[in-house]
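S.K.: One letter stands for each residue in the lines below.
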Amino acid sequence: MSTGAHGRSAQGKLAILRHACQRHLLCILLLMISGASFGESATDSREYQIKAAFLYNFLRFTEWPAGSFTEATSPIRVGTYCTGPFREMLERLVANRAVNGRKIVVTQLAGAESAKSMHAVFICANGNAILSGIESAVKASPVLTVSDSDRSVPGNACIHFLVEAGRVRFEINMTACERAGLRVSAQLQKLAKAVHRTR
Amino acid sequence: MVTKTQRRPSRQILKRGRSNAARWQGALRRNVLFTGIFLASIIDAAAAHAVDDLDALTELSMEQLLDLRIDDVYSASKYHQKVTRAPSSVTIVTAEQIAKSGYRSLADILRSVGGYYVSDDRNYSYVGTRGLLRPGDYNSRTLVLIDGHRMNDAVYDGGYIAREAMVDVDLIERVEIIRGPSSSIYGSSAFFGVVNVITRHTSTLNGTEASVEAGSFHTQQQALRYGKVFDNGVGLTLSASNYASAGQSRLYYPEFDQRISDEPRAGNNGYAEDSDDEDVQNLYAKVRAGNWTISGFSSSRDKLVPTASYGAPFNQRGENTEDRRVALNIQYDRTLGANLDLSARVFYDEFSYRGDYPFDFAAPGEPADVAIGKDVAHSESVGTEIQLKRRFLDRHTVLVGAEYRNNITQDQLFSYVDRPSETDTDERHTSETLGLYAQAEVTLTEQLLLNAGVRYDDYMDSFGSTVNPRFGLIFNPSSQTTIKLLYGEAFRAPSAYERFYSSTQSQREPLQPETIETYELVAAHYFDQRYRLQLSAYRYRAKGLITQAGDEDGNIFFVNRDRANAQGIELEADGKYDNGIELRISFAQQKTRDAQSGQELSSSPRQLAKLNLLLPVYRDKLTAALELQYQGSVRTITGAGVDGFAISNLNIVRQNVIPGLDLSLGIQNIFDQTYAYPGAEEHLQDAISQDGRSFRIKAIYRF
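If you read the sequences in order, they're chains A and B. Residue numbering for the first sequence follows the numbering used here, starting at 1 and increasing by one per position. Residue numbering for the second sequence follows the numbering used here, starting at 1 and increasing by one per position.
Isolated chain A (complex conformation) (with noise of 0.2 Å):
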């Protein structure tokens, strides 16, 4: 304790102290046993705003297999799996846009299985946890995967994320989408910044 040179009734306000301290540091305690999930928030900001972008010309770019589609005028379905506002943002973003006359339906997937029935699928960095469950769910379904860019090891999405620079960058695992069936135009190849094949 300081020596208290120029004192203000320094005990009383120490134990008033001690307390928050304790009540704090409860606080944070409470907080950090009940339950893990996924951190990381700001999905709304000018980087997630950006990948959706991204997302929507990725759609522009890819070609689903015949069969994908029940009709021609049949919705593309998106599924996001984040944390925050990014399903809201990305809706937004691609609400008054078609891509060859089919608009874009846009919904927060629940767990690994409800995304073999979309078109596409994104998952955040905060959803990595489920990211490999969703790859194995979707296996060889005409689904386009997208991983963000908090995870260096590619993983098995078609497309994963990167940042750099202060930029938004992505790379193509051809393997992955070939599985799926798609086939990602040769522009959106020679935009990445890696096109590579896993085994």
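In case anyone wonders, no lab produced these hints; they're calculated from the structure. Fair warning: this is a prediction, and the values are worked out from it, not measured in the lab. One or more of the hints may lead you astray.
Cβ pair distances, simulated, as ranges [stated by the list, open to error]:
1) A/V105 - B/G337: 21 to 29 Å
2) B/T547 - A/A194: 55 to 63 Å
3) B/F703 - A/R92: 38 to 46 Å
When the alpha-carbon atoms are kept at most 27 Å apart in a straight line, the in silico BS3-like pairs for lysine-lysine are as follows [stated by the list, open to error]:
4) B/K576 - A/K190
5) A/K193 - B/K82
6) A/K190 - A/K139
7) B/K621 - A/K193
8) A/K103 - A/K139
9) A/K139 - A/K116
10) B/K82 - A/K139
11) B/K543 - B/K591
12) B/K576 - A/K193
13) A/K193 - A/K139
14) B/K228 - A/K193
15) A/K116 - A/K103
16) A/K190 - B/K621
17) B/K576 - B/K82
18) B/K576 - B/K621
C-beta: ideal position from N, C-alpha, C; glycine also.
Based on the hints, put chain B in the right spot on chain A.
M.R.: Okay, now just chain B, sitting in the frame of chain A:
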């Protein structure tokens, strides 16, 4: 570091004259007029293409999207927000700019930022902003953070910006520079500004990086960095580096040239030989798993002091300092609901400084009788911070937080070896502080945003409590244009050094916090989403600045005395052109004065101008970065002048010589310009000359 204030003769106190308020008012009026015209013209331009932000993004081609900067800032509000919504004037320097420009330290990075300047006394570096750089201030009025961890130490409140205690530049993802007061969210030291150094994301490191460099003055550095995100999502970053520089082999100080100086310590024709040595080791580690981030940083730095400061014998290689630092953080981030985010952390910090200050006690003409003064400072702090962010109705954001810090050690010792004395310093203290803060970002209309924040700080072992607000009214007439009207108050608590180091301090009035009140107008406009123009006009009033004073008996102590005003305008423009050329320019016109004397403050250049050009010489294989920096003349603490100067630097990077290998060549001060920074009270030199032309080659290999 600072020291033995009681023992050295005080310099003459600046002669105080009458104020010249009339001239100031005239200058202010002109500035306001200029600002008004400028604002009117950009509002006009912006109205022409007002489009929704998100919509604008879908209109862009993918090439253009790849070019967009993530103009996001974290440090202004402790959460990610667009720069255009932040209640401050903000500049961001990215890893790419750092690598291409060949910056060697955070000090180099700050030198490139509009309105910032850095001075160097060949031991420590000092940051100036908006004309304010207080002599003897170890940057206690600028809050320096590494990933949000307060780096200002708990003895001097110093925020170190060169190699004293800072991660390697190659480990920096971005540096966020927040101008103006931010005590409403950070508490003490966020007085003139906040500099938050954000370390690289594990995913951008992605592998191993080895770098070696060598340069003039026998300088060399080796570093190894490793980053990997494992399949289970756990991320690991490791970095280690070693820096060694012999420094200038011969430094000439006319004040110590016995042929032209009366100084009793003068000798060797004024040359300090082989006394500029610096050695630095850094370690950094970060583990990220799920909601948890654990990080640790440690640094160790030894420096020989060539300037014979604090009365040390000249050219004896005996004066030296060592700084050690450890910073640990455990952070937990979690989204509790769609609109509720929690962030909590606990931290530990250790600062350890030792300085050897030889002093010759012999009377003139008698044989030398040198004793080494041992100056020691040591602090250890633990603390915790918890914060909750909530978004309401998708329009408003509220942040509340609490920060508790316990400085469990704040020790300062000074004595001469084998010469105990009554005036030896042996001060061992502890202290606790509590801060509670809240900030609300309220969307009043689609175009108008109100940002209001306030923080309560309790320094129960010292002066008590203080409350500091900040308000910003932010007008976005279009997504490309922002106008911010800002008001802020901030404080800096008296440091343990100021409160206890001087033996006679306890007989004085208890020190109170320094305070500042600021008004600022910021206007920014984005053209085509790729070019940015920003103009700021500001007015600062600082009161109760803690200043060294002396009495008739030669005792030196600290008092809340000085008042200072600063005002000025800053212009910043940057952009990236289609041909890959990137340009950043800035200009600052600033004026400061001591409120009592009306005189200009020392170390306060009236003009700063900077130009940074990144030039892709051959595709993305070869880049050249050209940098020009102009700093106007300044007054020294004795009232003399130091000339202004213009420095040019060039850095050439050859990328992927073989895959993964980058080579670069840097030339600092190309034209070998002679220039100097003002000295402080502890220096006999009124101005301390800086390095001439120097070279550096560097190789980075990624695998």
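S.K.: Can you give the numbers of the hints that this structure goes against, from lowest to highest?
M.R.: 10
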